[in-house]
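Protein chains in written order, with my numbering: chain A, 6 to 331; chain B, 1353 to 1648; chain C, 665 to 1109.
Derived by calculation from the structure, the hints in this document are not laboratory data.
Each residue gets a CB set at the ideal place from its N, CA and C atoms; glycine is no exception.
Among these hints, one or two may not hold up.
Simulated pairs of lysine-lysine, DSBU-like, Cα-Cα distance not exceeding 30 Å [unchecked claim]:
1) A:Lys69 x C:Lys894
2) B:Lys1510 x C:Lys830
3) C:Lys830 x C:Lys1049
Derived CB-CB ranges, DEER-like [said to hold, decoys possible]:
4) A:Gln37 x B:Glu1537: 16 to 26 Å
5) A:Gln226 x B:Val1558: 18 to 28 Å
6) B:Met1532 x A:Ala16: 36 to 46 Å
7) B:Pro1436 x A:Glu291: 48 to 58 Å
8) B:Ile1393 x C:Leu718: 40 to 50 Å
9) A:Glu291 x C:Leu718: 32 to 42 Å
10) A:Val165 x B:Glu1433: 30 to 40 Å
11) B:Pro1371 x A:Val209: 22 to 32 Å
12) A:Arg229 x B:Ile1393: 52 to 62 Å
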Amino acid sequence: MATTAERPAAALEQASTAARRRRRRRAARHRQLVALAFMSPWIIGFCAFYVYPMISSLYFSFTKYDILSQPKWVGLANYRFMFTSDPLFWVAIRNTLWIIAIMVPLQVLFGIVTATVLTRIKRGLPFYRTVFFLPTMVPLVAAALGFIYILNPAGPVNRVLGVLHLPEPLWFVDPRWTKPGLTLIGLWGIGQVMIIFLASLLDVPRQLYEAAELEGARPWQQFRYVTLPMISPVIFFSVLIGMIQGFQYFTQAFVVSKAGDRTNEVGYPQDSLLFYTSRLYQQGFEGFHMGYAAAMSWVMFVVIMACTVVLIRSSRRWVHYQGGFR
Amino acid sequence: MSATTAAGAAARARRPVPPEIRRRRLLLSVANHSVAIALSIAFLLPFLFILATSLMTNQQALSPNIWPHPFVWSNYKTVFESFPFVRYTLNTVTYAGLATVGVLLSCVPVAYALSRLQWRGRQAAFILVLSTLMLPPQVTIVPLYVIFVRLGWIGSLKPLIIPLFFGDAFTIFLLRQFFMTIPQELSDAARVDGASELQILLRVIVPLAKPALAAVALFQFLYSWNDFFSPLLYAGNNPDSWTLAVALQQFTTLSRGVLWNLQMAASLLFMLPVIVIFFFAQKVFVEGVTLTGVKG
Amino acid sequence: MRRRLIGLLALALLAAACTAGGGGSDKPAATVDPNANHAPLTLTVWSDFSARELGVVTAGLKMATQKYPWMTVKHVGSKNDQDIQRAVNGGTPPDVAISFTPDNAARYCDTGAWQDLNPYLQSSKVDKAKVWPEGVFSYTSFEGKQCALPMLTDAYGLYYNTDLLKKHGISAPPKTTAELADMAKKLTEYNPDGSIKVAGFMPLVGFYGSTTANTLSHAYGAKWYDENLKPTLTSDPNWTKMFTWQKAMVDAVGYDKLQRFAAKLGGANSEFSAQNGFETGKIAMMMDGEWRNAFIEGDKSKVNYATAPFPVDPDQPGLYGSGQIGGTIGGVPKGVKHPAESWLLLQFMTTDNTYLTTIAHGLKNVPSTFESLKDQQLQNDPRFKPFLDVFANQQSTFKPITPIGQTDTDLMDTFTQKWQAGKVPDLQAGLKQVEDQIAKQLQLG
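Input sequences plus hints: build the corresponding full structure.
Following this line, the structure appears as structure tokens:
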């Protein structure tokens, strides 16, 4: 039981704790406001350029809208058309899958190969690194134009192939060769991926290799059991980014299709270059079926999310994180 | 190189190397260099073809000669005369420059709040920022286009520049990662001295973050310089607002009778500034790219 | 918290619905400017003309200033239909728009992107039937709305190199597609390595823009749609006949060889350059529009040539003398700042006979009004007269226009390119697929 002498002291104690608590709360609120003030540009941007447009585009996807007149509610008609009646929807999906299933793995592979070559170079590494990285500096439009010329049926590459008595494909005029042609452009720009792989390869601890060599592992086995697991986080990162970018593939395809003749449809020749975003652009900004384009964009969003989740889930099985890599 | 490997290398250096192993190492080195040289040629060849064609007459462009005969240096002058190259360059510089400024101005405080301030909702906000990275732009372009039509901004570069004054997820992410590596003691010391958060940001953090800021600025400049889809969409119908990327693509389709030599010359002029910047800022680039990949 | 979130979401949805509205209300009937004094005004005209043709039309448009001294006309070229559509959607349309693609007229009428000109025509007391031949209305109006008017028109026919024909002992141009096939075979010359040196005829679709499934369809009288706007690609047997003939023409030389030859000539982009295959004597016979006469002259090509109507199906000799017609159209886009003045300029551009005949001479296009058709200079030009006759032929048509614009021809061209490459094993099935695609796209609108 507190004595009379202690009660005022206790009350004083309580008063000061309460005051301290109040001060702390005020301080916390002040901190909160300061933080929000610092975050304000992003908050405004997020609401105006992300939240609002996302809700808006979801709404548009259920309408028929061409900007000139009011949007007309059509319910699920756009989605129904997309999956059952759009003549080119599945073509676009197939082409986009080609990018993701063929071009992206090839790019990752080539990135690893070129990075590996660089790890073995002792002299002149900066020179080679610069040369390999330089093409990524080139704007996509310029790169596409350059390759349209280089891969012209009468252009330099075909002339070299002719001298070597190899078949001369018609490249961007022949629908069977347009996507491989685009892959060449993609491989040329491998520099950025390569740099990341290079750093990762150089980070693999030497003693792991030495230990493997001591156990009699051949170079190939060393690569399979030491290198690959060690660089698997970077592989995962590259594949993830490559996949997301693959879904959005547009610029090179657009430039190549229209370069031969402006009146060519997006996707020329024979819709071999009609990718998902190309089809979206064609319907939304050439045909002005904005509701349909919005529906396409939401389907794309859902698919990308699903694929990302699948990839992340699968990564638990094959991606090996060293301590500190996260 | 860790301590063990340095010791190992030193140990190996002390042992005499038998000639067969030396020969094998030499052969391997030659083989590696040959592959690297071959790859280098493959990477450089497109540049050479473009350069060579840019100096040819149009007749020669698709002919069997791959060496310009004669050298038509005037092609570069013709490019400037054939279309308003200067205006397009100005547009591109304006877009890239203002975009970079906007991104730096808006992302630095945001990254600061996400890394060096403690507040309720910080984790959730960071996740939201990251989520916008995952969002494909196609989902928002239709309504954004409509908004910009209503605002009357279509046909100008405003739709491209102004949103960047409100943050960019990639930049915020990079800067946050970097800010987190700056020791807390520095901020705490400044706080004890009575500095406000803004002062800490400007006087302590920003000077220390110069390499990251440089990398981020370079990335944004490069990205905006090369950007095609957004300028095509928002400024595509107004040639006065075209950036170089859009102009170059439009002119391949416009010229009746493709003038390959001029197109290659124009493409080279388009690439040149960025390549020059790259050579001067190589280290920043490579470090910046590594920052994204490995520590990501 | 959740309630607040839902409220916010609802607000956003409401805001989305509100700001999604279309631009501006449609103003009622048009008023036309009197020819009296008017404040100086600059009107912008957009078209897809370029190079030489651009100069011809710009010079012609200066005549508008002579007639209306207060009006200055700024002519911007290289603007295709999508550019114009985007400008209309963006709220910054040109005062007058010119299009080379009449296929889109139906869509312009349907969506209101180009204004209905009937009220303007009435106010200006223009009697459509007295000014223009009946044929032009098929590609400038849709469901009662006249949203475009023809500004000169086109006709397609056969161009043939008289030197090359003489060299191989041919005296007269072919009248049937079978004769064309025979002559093409005789006229094709090869290099020692087997590649094509001179092509007798270029049957590839997707190379030069005048050879499309649509232009070739007129040789066989094939019909796109029936009265209910249902595609008749499989029900009309003439399509099958045309495609079979076209593929035979391609296979007679070889698809691969033809593609390489096309690339050698400079690809599709060389069509309007001085390297054009016909103008450089590398193609002996070609289907092209009447404007090629002007290009041959403008490019100072040395080719000796003559023109004739395009050969037709041997089973339908009565078709000979007809062909595809239809061409440049002009209109007043929605949302122009000075609709009355825009109409005045458009009226000038589509009815003023001095203007029309001047640019008809410069562009070598077929004039579109009854008055301008009487022009002696064009009537007396032996290389131009065949095209005038094609235009006058009752059986010459454009193609039914639909709200999906040129999507049907795009789908058809993609199909034709697959077909000529040998990728379509069953022609009927392939045509049915295209038919379904067009029908489905018509539903989407």
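Results of checking the hints against the structure:
1. A:Lys69 x C:Lys894: 22 Å, holds
2. B:Lys1510 x C:Lys830: Not OK: Lys1510 (chain B) and Lys830 (chain C) at ~63 Å, beyond 30 Å, violated.
3. C:Lys830 x C:Lys1049: 22 Å, holds
4. A:Gln37 x B:Glu1537: 16 to 26 Å: Hint holds: Cβ distance 24 Å, inside 16 to 26 Å.
5. A:Gln226 x B:Val1558: 18 to 28 Å: 49 Å, violated
6. B:Met1532 x A:Ala16: 36 to 46 Å: Since the Cβ atoms of Met1532 (chain B) and Ala16 (chain A) sit about 45 Å apart, the hinted range of 36 to 46 Å holds.
7. B:Pro1436 x A:Glu291: 48 to 58 Å: 25 Å, violated
8. B:Ile1393 x C:Leu718: 40 to 50 Å: At 44 Å between Cβs, range holds.
9. A:Glu291 x C:Leu718: 32 to 42 Å: Violated, since Glu291 (chain A) and Leu718 (chain C) (Cβ atoms, about 24 Å apart) do not stay within the stated range.
10. A:Val165 x B:Glu1433: 30 to 40 Å: The hint (30 to 40 Å, Cβ to Cβ) holds, given that Val165 (chain A) and Glu1433 (chain B) are roughly 34 Å apart.
11. B:Pro1371 x A:Val209: 22 to 32 Å: For Pro1371 (chain B) and Val209 (chain A) the Cβ distance comes to about 30 Å; the hint holds.
12. A:Arg229 x B:Ile1393: 52 to 62 Å: This hint is violated: roughly 30 Å between Cβ atoms.
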